[in-house]
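Heads up: the protein sequence lines correspond to chains A and B, in order.
The first sequence begins at 1 in our numbering and counts up by one.
The second sequence begins at 1 in our numbering and counts up by one.
Hints were generated in silico from the structure; no laboratory data involved.
Glycine included, C-beta positions come from ideal geometry on N, C-alpha and C.
Accuracy of the hints is not assured; some may be wrong.
[Said to hold, decoys possible] Going by beta-carbon spacing under 8 Å, a handful of chain A positions derived as facing chain B:
(1) L8
(2) V32
(3) M327
(4) S329
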Amino acid sequence: MSVPYARLPGWVEYGLIPLVNLAVAFLVAGLVVLLVGENPLEAAYHLINGAFGRGEYIGFTLYYATTFIFTGLAVAVAFHAGLFNIGGEGQAYVGGIGVALACLWLDQVMPWYVVFPLAIVGSAFFGALWAFLPGWLQARRGSHIVITTIMFNFIASSLMVYLLTRVLKPLGSMAPQTRTFAEGGQLPKLDWLLSIFGLNVGTAPFNISFLLALAAAFAVWVLIWRTRLGYEMRTMGHSPSAARYAGIRESRIIVITMMISGGLAGMMALNPIMGEQFRMQLDFVQGAGFVGIAVALMGRSHPGGIIPAAILFGVLYQGGAEIAFEMPSISRDMIVIIQGLVILFAGALENMFRPAITRAFATRGQRAAAVVQTKGA
Amino acid sequence: MDFFHVLVVLLESTIRVSVPLVFAALAGLFTERAGVFDISLEGKMLGAAFAAGAAAAVSQSVWVGLAAAILVSVLLSLVHGYASITQRGNQIVSGVAINFIVAGATVILGEAWFRQGGRTPALVEGARFQIVNFPGADAIRDVPIVGPVYADLLSGHFLLTYFAFAMVPISWWILFRTRFGLRLRAVGENPGAVDTAGISVIWLRYRAVICCGILCGFAGAYLSLAMTAGFVKGMTAGKGYIALAALIFAKWRPVNVMFACLLFGFLDALAIRLQGTPLPLIGQVPVQLMQALPYILTVVLLAGFIGKAIPPKAGGVPYVKER
């Protein structure tokens, strides 16, 4: 098969093209703002100000970013093996069980630094468990991973409604949620990190799981580019037949990749449950699993790209709340549109502007070559 | 007699909730048979439902509403087509994107235009579909067995309901008995062969995608113009995914699609009916289990434990002409 596009310099491939795609997504979002009868520039101002204007706002931005780093990494790991894990939502939701169980069991007798590692293991375990089945079904029974993970999202949602209304709810309470955790189930805030920069975190729930997210990003980088397993995953992602001929056990890689992916998605639950609400509520994931898709696409499935992409979405979520507050005719659903547009332009239409950009660089390259030649003559 | 009455009521609501599923699943049948995976059925249906509600509220005409629904749904289909056929982008990613854009846009635009918390105004008589009563339905209602079946099951539905079930044999005929259908199926199995025969793969896939858009338009219009009087935000509530599940459950065959939709609709109706009432032998079944049943069944089917669901071979793969 012919190679459809010429090779471009690294900064164009990983910098310019994503930026152009992002810019177009925002332009279209601006058109929607115009259609609603508001000023897009004013909205942009509120977005930036709402995300960075105060220490507290930055705290919220980074709190959201923490969540999106986890789900973005989850999608990215699966991408590398050529698997599209659309089930981050369900895996994160079920991962919450692990966090809640650890906290409900030990929060009154142990300090947070004992509960936290257990909660990490629990969330990763339940998330991985929820991804294991689709992975196993794909590897052994040939069911399509996209469809099964979608189905598992819905099954997870029903399961969690059942658990929260019947099993984990404290006696005599009406609200579908667990009891509030004692101090041992609450993560310390990272106020000291922001105060280095002279910022006051205020009421923002920016907590220690941010550092865990950064560590997870580093671990994913090591896994994908520095280990044998990562090599096998990437080989399978590039060419399943090559992987098969090289003696890589396909079904084993699929199952392991999905479990790592699900584990990362499950760890997302630590941030809202132990870091903000101190209880497990219905629907605490709030679409973060799907945001992970956009984050992974924007970040080109590389941890170095996923962290800034996650922060970008943190900006959208926190700044979007500010827009909704300042401009009543634009609700928070604007974020959902922008998210969709980013997925569309950075993911599905990623090659739309590539021919034009390639041509621009090709002509420049030729001209430079021509200049060199005339000088040489 | 009491049991019979319950059964009729249950089947009646089964038909009512199955209609959007039938339309949407048939819509998915057209694109997926042509080799374009489409998980944006949900988004298209939602967009169509909003367009129908908004246009009917403004124009006070149900037909303008229906036309708007189809128009919006086809436009969204074309976006999906452009991304996945012309630009050869990832079809799943494109579908996810459309679902997001529509979910956000319907709320933002609805709030901006009507200021009723994301709803469209309640539709008056001429702006929504009316129930069709068969001749003599009321007269024979009291006749045992035949009466309720004729009056409540066959008669007393919306025009779109009859159209939805009529679309089942029509889709079958188009897909399996016309030249267009033959080529459409071929393009989903082996686009290279179709290309070699001198038929445009791209144009065929675009036509399949447009068919999908039209049918999703009907599904959306049914939701906001027939089932309820107006659009409510997020009113599809996962029906697009259920339709997708039904399509797979039906192994991409039109008549099976209808039965799968009726089965899933029946489970839905049963779940509402059984809420809080214990069953003999089993005891109380959690509603959540009933709600998850269509998804669980689909997973079990996909795993090959009850027959094998084999998707069109070229599904999900953009066609690249060899040079």
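The hint names V32 (chain A) as touching chain B; please verify it with the least Cβ-Cβ distance against 8 Å.
7 Å, holds
Using Cβ atoms only, decide whether L8 (chain A) comes closer than 8 Å to chain B, and label the hint accordingly.
Not OK, violated: L8 (chain A) not within 8 Å of chain B, min 17 Å.
Quick check on the hint: S329 (chain A) CB to chain B CB, less than 8 Å?
Constraint on S329 (chain A) satisfied, holds at 5 Å.
Is the interface hint satisfied for M327 (chain A)? The criterion is a beta-carbon contact with chain B at less than 8 Å.
11 Å, violated
Of the numbered hints listed earlier, those contradicted by the structure are 1, 3.
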